[in-house]
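Protein chains: 4
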Amino acid sequence: MSKPVFEIQRHVEFYETDMAGIVHFSNFFRYMEACEHAFVRSLDHELHGMLDGLETGWPRVNATCDYRAPARFGDLLTIRLYLEEIRNRSVRYRFEISRDAILVAEGAIAAAHVAITPDGIKAVPLPEPLKLKLQSLITDHNRT
Amino acid sequence: MSKPVFEIQRHVEFYETDMAGIVHFSNFFRYMEACEHAFVRSLDHELHGMLDGLETGWPRVNATCDYRAPARFGDLLTIRLYLEEIRNRSVRYRFEISRDAILVAEGAIAAAHVAITPDGIKAVPLPEPLKLKLQSLITDHNRT
Amino acid sequence: MSKPVFEIQRHVEFYETDMAGIVHFSNFFRYMEACEHAFVRSLDHELHGMLDGLETGWPRVNATCDYRAPARFGDLLTIRLYLEEIRNRSVRYRFEISRDAILVAEGAIAAAHVAITPDGIKAVPLPEPLKLKLQSLITDHNRT
Amino acid sequence: MSKPVFEIQRHVEFYETDMAGIVHFSNFFRYMEACEHAFVRSLDHELHGMLDGLETGWPRVNATCDYRAPARFGDLLTIRLYLEEIRNRSVRYRFEISRDAILVAEGAIAAAHVAITPDGIKAVPLPEPLKLKLQSLITDHNRT
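Protein chains in written order, with the working numbering: chain A, 1 to 144; chain B, 1 to 144; chain C, 1 to 144; chain D, 1 to 144.
Errors might be hidden in some of the hints.
Intra- or inter-copy, both count: the list cannot distinguish identical chains.
[Stated by the list, open to error] Dumping the calculated DMTMM-like pairs for lysine to aspartate or glutamate here, alpha-carbon to alpha-carbon at most 25 Å:
#1 Lys122 with Asp66
#2 Lys122 with Asp140
#3 Lys122 with Glu7
#4 Lys122 with Glu96
#5 Lys3 with Asp52
#6 Lys122 with Asp100
#7 Lys122 with Glu106
#8 Lys131 with Asp100
#9 Lys133 with Asp119
#10 Lys131 with Asp66
#11 Lys131 with Glu13
#12 Lys122 with Asp75
#13 Lys133 with Glu13
#14 Lys133 with Asp100
Note that these hints are calculated values from the structure, not bench results.
One chain only, chain A, in its complex shape:
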């Protein structure tokens, strides 16, 4: 079984709740992305880079979330990131969001690596240094 390669913690903010008294479901996608971005930063990689003079980015291809238990204002959430799949031009992350030992939500984000060309957005290979780091993390974690 895979292991998490990164995690962050954050308190639920008041403005993230809705009138049902719990975190609005859309905000879990923001929690996942915040974790993804902190992870990429931890690898010393710039999210918005350049490739042959073109701006690059990571638009989302798919996002999904299963909700297991409600999260409330002030809860301290742990968001764990798993590397689900590393492809040539895209990455798929899986996430678990928990409060203490309680699983609150689990989800996934698939992001493509693209360059913004004069003719539009084009999928381009992952930056080589990033790809190597991601692959080594997968291997490390499978070994342990």
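Take the given structure of chain A and dock chains B, C and D to it, following the hints.
For chains B, C and D alone, coordinates are given in the frame of chain A:
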């Protein structure tokens, strides 16, 4: 093939975009929910009702979205709702979000019908009038 | 007394409420901006234009809001825009947000007109056609 | 001159930016509220309490912000809270938001202390323990 049973339109707001110049992916879940709520209102049904003196609600069980094309500030989006599955205690809606003839995103939301009891949240049967309306809409649309 | 020069209506969305059961106060700034943008569009003016080959924009200098009454999920809000001040390089809008005859909030946004130069952001004069339209609207409304 | 009585730090998240490449102005109100809530928690006080069997809360009466410099994705912001005014039934906080030595924004939030009664929302006196703590903080800081 199923047909949409409801649709809304809305312009992309400035605050829904991110620094990549496009609608942040989390906002598509808000578009879908806005369409779901307008649909339920159109059936003369209150989203937050009462059952045997208990408050009821519709927490999300799953939400998913596939992103096909970017949406930008000012775009007029059409969000179409399809009834994917009507179960005893839950509903699954499917959505297509498009700009003119271009499919921008498609997704789904599964929501459980629950009552807030002194012992916690419990799944309860769909309100009968709502269930009948939903079933008749499915049948109508399959016939046509 | 000044009169509104523009208005929009919108329903309060579920995701705009918080656990107190009312619209989160930060969202009123989004309502005001949505009204401002719809107003500028109604004048056939592009919010993000070009000036001598430089990108231009309208960063906010000040935003303020007084809250008079709560707004709730499903409420139909009317947002009215007033031209408070038109200066050489900035505009100040005032807004009233109401539900039926009830004043829910009133606020203001001051926005500077800037160009993004290689040396940073610089305040630049309002586009002449926009300035003339704004001034004629003020005059018209003062006359009536 | 008054001194800050509390501060928090947070990184700007990607979803807090807009297509102008900077933090959307509405989010500064969320930063200020996050700081206020962390401050109240630091005093061991529950934001949503009870008074004579009635639920209490802190609806906003006014919120304002002056924007001095843009904040961007990844910036580490410091939000400092100042006690501007402690009244019988309300508090006014002032905030400074900065990145390193650069002042990014300054604002204020005035919040009333209310109880939710069967006849509607009514302003009620601040909880005595909280009021005493706030007053001692003001005094301490004026002395130093």
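Now for the hints, and whether the structure bears them out:
1. Lys122 with Asp66: between (30 Å within a copy, 17 Å between copies)
2. Lys122 with Asp140: Neither: 31 Å inside a chain and 42 Å across chains, both beyond 25 Å.
3. Lys122 with Glu7: neither (30 Å within a copy, 31 Å between copies)
4. Lys122 with Glu96: between (30 Å within a copy, 23 Å between copies)
5. Lys3 with Asp52: Result: close neither inside a copy nor across copies, 35 Å intra and 45 Å inter.
6. Lys122 with Asp100: between (41 Å within a copy, 22 Å between copies)
7. Lys122 with Glu106: between (30 Å within a copy, 21 Å between copies)
8. Lys131 with Asp100: Classified as neither; 32 Å inside a copy, 33 Å across copies.
9. Lys133 with Asp119: neither (31 Å within a copy, 36 Å between copies)
10. Lys131 with Asp66: between (28 Å within a copy, 24 Å between copies)
11. Lys131 with Glu13: For Lys131 and Glu13, the Cα distance is within 25 Å only across copies (23 Å; inside one copy 34 Å).
12. Lys122 with Asp75: between (40 Å within a copy, 22 Å between copies)
13. Lys133 with Glu13: For Lys133 and Glu13, the Cα distance is within 25 Å only across copies (23 Å; inside one copy 33 Å).
14. Lys133 with Asp100: neither (30 Å within a copy, 31 Å between copies)
Of the numbered hints given earlier, the model fails hints 2, 3, 5, 8, 9, 14; all others are met.
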